[in-house]
Amino acid sequence: MITFENVHKAYGSHEVLKGIDAEIGKGKVVCLIGPSGSGKSTLLRCVNGLETYQQGRIAINGEPVDATSSTIHAVRTKVSMVFQRFNLFPHRTALENVMEGPIHVLGEDRQAARQRAEDLLTRVGLAEKIGAYPASLSGGQQQRVAIARALAMRPEAILFDEPTSALDPEMVGEVLQVMRSLAEEHMTMLVVTHEIQFAREVADNVLFLDGGRIVEQGPAAEVLRNPQHERTQDFLRRVTHPV
Amino acid sequence: MNKFLSQSAEYLPFLLSGVWLTIAVTVLSLTLATGLGLFWALCRTSGIRALATPVRLLVEFIRGIPILVILFYIYFVMPEIGLDLTAFQAGVIGLALTYSCYIGETFRAGIEAVDRGQVEAAKSIGMRQGLMMRRVVLPQAFRIVVPPYTNNIVMLLKDSSQVSVISVAELTMQGKMLASSTFNNLTVFTLVALLYLCLTLPLNFVMRRVEVAMGKAR
Chain A
1 MITFENVHKA YGSHEVLKGI DAEIGKGKVV CLIGPSGSGK STLLRCVNGL
51 ETYQQGRIAI NGEPVDATSS TIHAVRTKVS MVFQRFNLFP HRTALENVME
101 GPIHVLGEDR QAARQRAEDL LTRVGLAEKI GAYPASLSGG QQQRVAIARA
151 LAMRPEAILF DEPTSALDPE MVGEVLQVMR SLAEEHMTML VVTHEIQFAR
201 EVADNVLFLD GGRIVEQGPA AEVLRNPQHE RTQDFLRRVT HPV
Chain B
1001 MNKFLSQSAE YLPFLLSGVW LTIAVTVLSL TLATGLGLFW ALCRTSGIRA
1051 LATPVRLLVE FIRGIPILVI LFYIYFVMPE IGLDLTAFQA GVIGLALTYS
1101 CYIGETFRAG IEAVDRGQVE AAKSIGMRQG LMMRRVVLPQ AFRIVVPPYT
1151 NNIVMLLKDS SQVSVISVAE LTMQGKMLAS STFNNLTVFT LVALLYLCLT
1201 LPLNFVMRRV EVAMGKAR
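If you read the protein sequences in the order shown, they are chains A and B.
Be aware that the first sequence starts at 1, since it is given in this note's numbering, and climbs by one per residue.
Be aware that the second sequence starts at 1001, since it is given in this note's numbering, and climbs by one per residue.
Read the hints as simulated data drawn from the structure, not as lab findings.
Don't be surprised by glycine CBs; every beta carbon is placed ideally from N, CA and C.
Incorrect hints may have been included.
Claimed, not checked - Label-pair ranges, simulated between beta-carbon atoms:
1) Ser136(A) with Pro1079(B): 23 to 31 Å
2) Val1077(B) with Ala132(A): 57 to 65 Å
3) Ala59(A) with Gly1117(B): 25 to 33 Å
4) Ser136(A) with Leu1201(B): 29 to 37 Å
5) Met1078(B) with Ala59(A): 37 to 45 Å
6) Ser136(A) with Asn1185(B): 56 to 64 Å
7) Ala127(A) with Leu1057(B): 22 to 30 Å
8) Leu1201(B) with Gly173(A): 53 to 61 Å
9) Gly1130(B) with Ala132(A): 26 to 34 Å
10) Arg1209(B) with Arg237(A): 37 to 45 Å
11) Ala112(A) with Pro1054(B): 41 to 49 Å
To be verified - Stretch-level coverage of chain A by chain B, calculated; a stretch enters the list once three of its residues show a Cβ under 8 Å from a Cβ in chain B:
12) 95-107
13) 170-178
Starting from the given sequences, assemble the full structure and let the hints guide the process.
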């Protein structure tokens, strides 16, 4: 569904992505792992045009992604994103955050959008918080609202950019639980994460990036249990046994 | 003190006619300056160089010239190129033009102070620039901008006294005329100062309330 062909990106003379080739199948959950600075967030942000890339091609269902083209807005309605720092609209309630895209971007009927937003918030376990402003919600709750906001666009895929990295440890579980339920419904998900346990349980495939290249990719079970490449082995040893 | 009070009662109606004109000049030029200032700010944050650069130059140009000179220019020079304006019109235009630059800079700072993540979130749900500005960036920028914008309003109200130099009969002008005909400088200018305070102090109070009310929705 999402294909990367020889994707290159540089900030000035600093090369961040050095030729990425990968394919994300429909309904698959793919986790991008790797040390910080490896380019995994940048790669993710290229998919919905928050970053531009200079060479190669990213395509969604065969349609190329070009951040400088006016077609990018249509791409973004098909591929939602969940951010590390939630980025909820602080001047709108949880419900309004979720309704915003359907009403103002997709032009859906207000009543229907409201009903669906309520359903989505109920689904992520926040039925009682629909009228709350983001500032009065915990990090875990905010991230669940953000997931509901992404789902409200009826996306074909969701990009997650380190969705649990800004959370207190006790809130990580509630967010991962929601993501797990999405995976069970075969939502296509591309997830940048440091949660190796989550990747092991939920991901179909894992891409290990280092230094702007995919060092190793394959089924999650294989890559995470039995990494072939030395860099992958070293990285996994460090994140799973930090001390 | 008694003398001050009896003289005040005598002078106040004359000065109040100036107060109304001060309010008229302020409200009109503030309205124009706010609209224009918002336009300047949107141009400057648009990312379109053909819009941003001319506006930046214009703003720097206007900000570098004293209000008095701008007022003289509009009132005395414009008629020479065939644009006849009343003193009131020239005063409003001069103040509006000058303050549109100050207010534009205030708005620009507010827009730029909105978290980048908000822009990204808006883009990520497919919003185009215009919709994103209207629904996401500007509502948050306005909150940030309330205190400095209030400051702009108070400054504008005080600077409206400058239009007295092109003979607009606002409060300062009326005071000057009254003082020179009665020689009661102390009473007259004390009254003028108090009348200005009657306008500016409530403004600060109201805006503080606005700030508190807006702060609740965060």
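Structure-based check of each hint:
1. Ser136(A) with Pro1079(B): 23 to 31 Å: 60 Å, violated
2. Val1077(B) with Ala132(A): 57 to 65 Å: 58 Å, holds
3. Ala59(A) with Gly1117(B): 25 to 33 Å: 27 Å, holds
4. Ser136(A) with Leu1201(B): 29 to 37 Å: 34 Å, holds
5. Met1078(B) with Ala59(A): 37 to 45 Å: Since Met1078(B) and Ala59(A) have Cβ atoms about 59 Å apart, the given range 37 to 45 Å is violated.
6. Ser136(A) with Asn1185(B): 56 to 64 Å: The hinted range 56 to 64 Å holds for Ser136(A) and Asn1185(B), with Cβ atoms some 57 Å apart.
7. Ala127(A) with Leu1057(B): 22 to 30 Å: 54 Å, violated
8. Leu1201(B) with Gly173(A): 53 to 61 Å: 54 Å, holds
9. Gly1130(B) with Ala132(A): 26 to 34 Å: About 29 Å separates the Cβ atoms of Gly1130(B) and Ala132(A), which means 26 to 34 Å holds.
10. Arg1209(B) with Arg237(A): 37 to 45 Å: 59 Å, violated
11. Ala112(A) with Pro1054(B): 41 to 49 Å: 45 Å, holds
12. 95-107: holds (count 5)
13. 170-178: Our answer is that it is violated, as 0 residues pass the Cβ test (under 8 Å) against chain B, missing three.
Checked against the numbered hints given earlier, the structure breaks hints 1, 5, 7, 10 and 13 and satisfies all the rest.
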